[in-house]
Structure formats: C-alpha cells, structure tokens
Amino acid sequence: EAGVAQSPRYKIIEKRQSVAFWCNPISGHATLYWYQQILGQGPKLLIQFQNNGVVDDSQLPKDRFSAERLKGVDSTLKIQPAKLEDSAVYLCASSLEVSSYNEQFFGPGTRLTVL
Amino acid sequence: AQTVTQSQPEMSVQEAETVTLSCTYDTSESDYYLFWYKQPPSRQMILVIRQEAYKQQNATENRFSVNFQKAAKSFSLKISDSQLGDAAMYFCAYRGHSNYQLIWGAGTKLIIKP
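So the protein sequences, as listed, match chains A and B.
If you read the first sequence in our numbering, its first letter stands for residue 1, the second for the next number, and so on.
If you read the second sequence in our numbering, its first letter stands for residue 1001, the second for the next number, and so on.
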C-alpha cells in the first residue's frame, strides 16, 4: 500500500513570495489533514478535510494561507505572501474517516525556509 | 480546552535498557483516545501505540507498552530492550469525541547510546 505522498520535500523562498505544497493521501482515505510543525514543537492542525469539504480550519491564517481538495483526493496548501515565521515543516496526513480512533498516516513533510 | 504536556525535552538510554517517557494531559471528557507517535530524523511520523480511555488494560505493542493512569491523567510510554532504531522524537497526543482534532505535546527527543 502506497503511503501519503508530498512534494516538494524542501523549499526555500524569500519573504513575500508565494509557495504551494501538494499532498496525495492513501487511496480510499476520506479525511486529509494539513499540519504545521515548527522546530521543537508538536504539529499544529491547519485544516482538515472530509472528502472535499472542510471540517476544521479554525487555526488556518486565512489572510495568507489557503487549501483545497477539489476532487476529494489530492490537496494543495498555498501560502501567499510568506512571512519569516512560516518557516516550518508542513505535514500532510490522511485517515479512513473522521473518527477519534482512526490512525492518521503521515507523509514525509515539506520543509519550508523563508529568508 | 484540552492540553498535553511532555515534561522531558530529551531523554537518553543505553542500548538494550528500558526507558520511560512521560506524558500528562488535561481534559474534562470521560471518553477519549491517547496516542504515542514516533518521528525519526527523516520526519515521517509513525503511530507507535494507542489507548482507549474506557479500557483499563494498558496497551502493548511488542517492546512498547503504556502505563495509563486515568485518574492522574498520565500516559507514559515504556520502551524495553531499546534499539538504535528507536532514536527519534516521541509525541504524545490526545483525541476526544467532542472535537476530533489531535492535541499534541511538544515531544521528547530520545537518544540511544550504543
């Protein structure tokens, strides 16, 4: 079974530039999550999708971050414009459905450096 | 609001010995799930073990076991016969029924000494 795929693995940009990250979840997983993990901290949920609908985006800085999952499969997270404090690893995860019990499977992450 | 606290930023253990990582949490819910995730230097987060709060029996997965103390809101992870491949960041996480969001601790870096 293929795991969660993310690209790119690394990205370096200057502040005020735009950047986009892509995630392809495990086949058949209805729920997709984007996390931001700042060095030395645990992941922070940015947005959660159930199929192509948003379940929770309460911690997404909507003035600069956006995400979509148009066909209920892969997803894109965009930052525009980037700030220095956006430097972090962006993790994508998926699970079968929204449930307290279901395991979340994580991708390798995209490490973003904003200069 | 629920919180998860890992009070040990870093732990080290000799290879083949046993180590225990601590985690405490705060919640007003009676039914929830607790997880330990491992994040090796390659950064792919992997589930190590999970515990349902309604189960009194502590979960066990091979060399990994938990000590779940519901009244004390404590959820520690014990790694027996530590191996070099166990070196990683370990995160404790909570997930309730009222909000499906995972609440994460800050992590403990585990170093294995050969």
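Rather than coming from a laboratory, the hints here were simulated on the basis of the structure.
Idealized CB from N, CA, C, for every residue including glycine.
Careful: at least some of the hints might be erroneous.
[Claimed, not checked] Capping the alpha-carbon separation at 25 Å, the derived lysine-lysine pairs in BS3-like fashion look like this:
(1) B:Lys1073 with A:Lys44
(2) B:Lys1073 with B:Lys1113
(3) A:Lys62 with A:Lys83
(4) A:Lys44 with B:Lys1113
(5) A:Lys83 with A:Lys71
(6) B:Lys1078 with B:Lys1055
[To be verified] Computed footprint of chain B on chain A; a stretch qualifies when at least three of its residues, placed anywhere within it, have a C-beta under 8 Å from a C-beta of chain B:
(7) 47-57
(8) 107-115
We went through each hint and held it up to the structure:
For the suggested pair Lys1073 of chain B and Lys44 of chain A, the alpha carbons sit about 22 Å apart, so the restraint of at most 25 Å is met. Between Lys1073 of chain B and Lys1113 of chain B the CA atoms are separated by roughly 31 Å; this puts the pair beyond 25 Å, and the hint is violated. Between Lys62 of chain A and Lys83 of chain A the CA atoms are separated by roughly 14 Å; this keeps the pair inside 25 Å, and the hint holds. The hinted pair formed by Lys44 of chain A and Lys1113 of chain B fails the criterion: a straight-line CA distance of about 31 Å is larger than 25 Å.
Taking the CA atoms of Lys83 of chain A and Lys71 of chain A, the gap is near 29 Å; set against the 25 Å cutoff, the hint is violated. Note on Lys1078 of chain B and Lys1055 of chain B: the hinted pairing holds, with a Cα-Cα distance of about 18 Å set against a maximum of 25 Å. Given a C-beta distance limit of less than 8 Å, the hint that chain B covers the stretch 47-57 of chain A holds, as 3 residues qualify and 3 suffice. Remark: the stretch 107-115 of chain A is confirmed as covered by chain B, as 4 of its residues place a Cβ nearer than 8 Å to a Cβ of that chain, reaching the required three.
The structure fails to meet hints 2, 4, 5 from the earlier list, while all remaining hints are met.
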